[in-house]
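When you get a sec, could you build the whole thing from the sequences and use the hints?
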Amino acid sequence: MDLLFQFLSNTGYYLADYRNVIMIVVGFIFLYLGTAKEYEPLLLVPIGFGILVGNIPFFKGFGLGIYENNSVLHYLYFGVTSGLYPSIVFLGLGAMTDFSSLLARPVLMLLGAAAQMGIFFTLLGALALGFLPKEAASIAIIGGADGPTSIFLTAKLAPHLIGPIAIAAYSYMALIPVIQPPIMRLLTNRKERLIRMAELREVSKKERIIFPAVAVILCCFLAPASIPLLGTFFFGNFLKECGVANRLAQTARTAIIDTATILLGLTVGASTQGDVFLTPKSVAIFFLGAVAFSIATASGVIFAKILNLFLKEKINPLLGAAGVSAVPGSAREVHLVGQSEDPENFLLMHAMACNSSGVIGSAICAGILWSFMVVL
Amino acid sequence: MYGFHAITTHNGWAMAFVGALIVFSGLVVLSSVISQLYKVLLFWEKRHPIFKNNNKMPEDDAPEETPGSHVPKEFPTDLDETARLYQSLVEEIGETFYLSKLYEVAKKNDFPHPHITLTAFREAEILVPYGDGVFGWNPRTENKDNEND
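Line by line, the protein sequences give chains A and B.
With my numbering applied, the first sequence corresponds to residues 1 to 376, in that order.
With my numbering applied, the second sequence corresponds to residues 1001 to 1149, in that order.
Hints may be right or wrong, so weigh each one.
Computed list of lysine to aspartate or glutamate pairs in EDC-like fashion (alpha-carbon distance at most 16 Å, straight line) [as the list claims (entries may be wrong)]:
| # | chain 1 | residue 1 | chain 2 | residue 2 |
| --- | --- | --- | --- | --- |
| 1 | B | Lys1108 | B | Glu1092 |
| 2 | A | Lys205 | B | Glu1045 |
| 3 | B | Lys1101 | B | Glu1091 |
| 4 | B | Lys1039 | A | Glu207 |
| 5 | A | Lys206 | B | Glu1045 |
Since the hints were derived computationally from the structure, they do not count as laboratory data.
Keep in mind that this is a model prediction, so the values were computed, not measured.
Next up, the structure:
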């Protein structure tokens, strides 16, 4: 009988507390959003399931939990805390990205730069709310709307916040269709939303091959701390464009990125153990994440409007919202908002240019913030 | 510590301003460079031939195969074998042709010693005169085939 009671006292039913239950509900919400609503399913499904796995109560000391040494989850989580998975994801992203539209219209890169202002405004906001500088920098990077970049920087600066920051970043990426359109509509008038973009020139293969090699030098010389992200990103793109390593490019954009995404999503989800995750800090992080994302969207749109004051050939200011690096969600949303005004206005390719420059911009920001924090 | 006091204490204003400035200038430089990239490539491709000649291709990088590139530098001594190499040229210019035309095409395709070869073909009656400077092609293999028939 004692054995039975001892066993029962070690079950999850006995050990569960309200925080585990809350997080399991959150996990189910993620799974629902990912599967039924198809909001970023490739991210929300692994994270949602990871939340379920991570919040099953267990007897401490068995080496089961993600924060316990020698547990399987702990080993898998090493890829997150070391920044390994984000680097691998960037390799795959590079092998998927087509920079043709950006090369055809380089001025759109400035919108990617403008949208990074959300990061620096949020840095100030987080400091004002009482976060330490390293925590504030990790929270601010949510404004870049790039999950792997957020995880990478947080792993380096504030590993104890990886769970809430990753969940906030991916949640807002999934909620792009809810967050961005009202901001875009609020900051533009109908006439501006109707602006049609000139057709893009054809970009030669040589340009596409040379670009990643030149870009990695320019960006990483400026912010060497972004090498783990931009180095692999441009390497992946070079594999894609050089035309002689198609097998490698194909593997990078399929098997490799998929494996990294599965492990990243599952372990980040599992890192949200109720007792670690449900804190006032997490609530503040979610609030600041929303602010960061909104400011990033707004600053991209406003900068496009400012740019139009100087350009002969006007830019549709909606494109500024695609300057955040949520690829391709924000580009798709810009395209849809544009088409809701004029069904024959095709903004997708132009928005993808802003999107890909946003990826570069947010990775540079991560490098800059990391190097700032080293001297603190 | 909260509010503006916290921002100032942690050097937040400077970090935000300098950070924004760095990322902006970095992307401005990158966009400027890529906006000039196609011009540089265009200039490189249209550079003066004298510069092109300086960049001789390494021997490993064989040029693309042209119609005449399979022609050996020295023709085989066997006339029938040589005629087989000429067969593709004859097919190109038609069943009957002026000798000058065949000579011109052979030279264009870098066939060695076309004048001597055509003379040999005439003597061997592989080139058959139809009058008025027009010739026909009658390689000996065809003759043999006919004989077998």
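A quick look at each hint next to the structure:
1. About 13 Å separates the Cα atoms of Lys1108(B) and Glu1092(B), which keeps this hinted pair within 16 Å; it holds.
2. For the proposed pair Lys205(A) and Glu1045(B), the alpha carbon gap of about 13 Å is at most 16 Å, so the pair holds.
3. For the proposed pair Lys1101(B) and Glu1091(B), the alpha carbon gap of about 12 Å is at most 16 Å, so the pair holds.
4. A threshold of 16 Å between alpha carbons decides the hint, and for Lys1039(B) with Glu207(A) the separation of about 10 Å falls inside it, so the pair holds.
5. Distance hint between Lys206(A) and Glu1045(B) is fulfilled; the C-alpha atoms sit about 11 Å from each other, no more than 16 Å.
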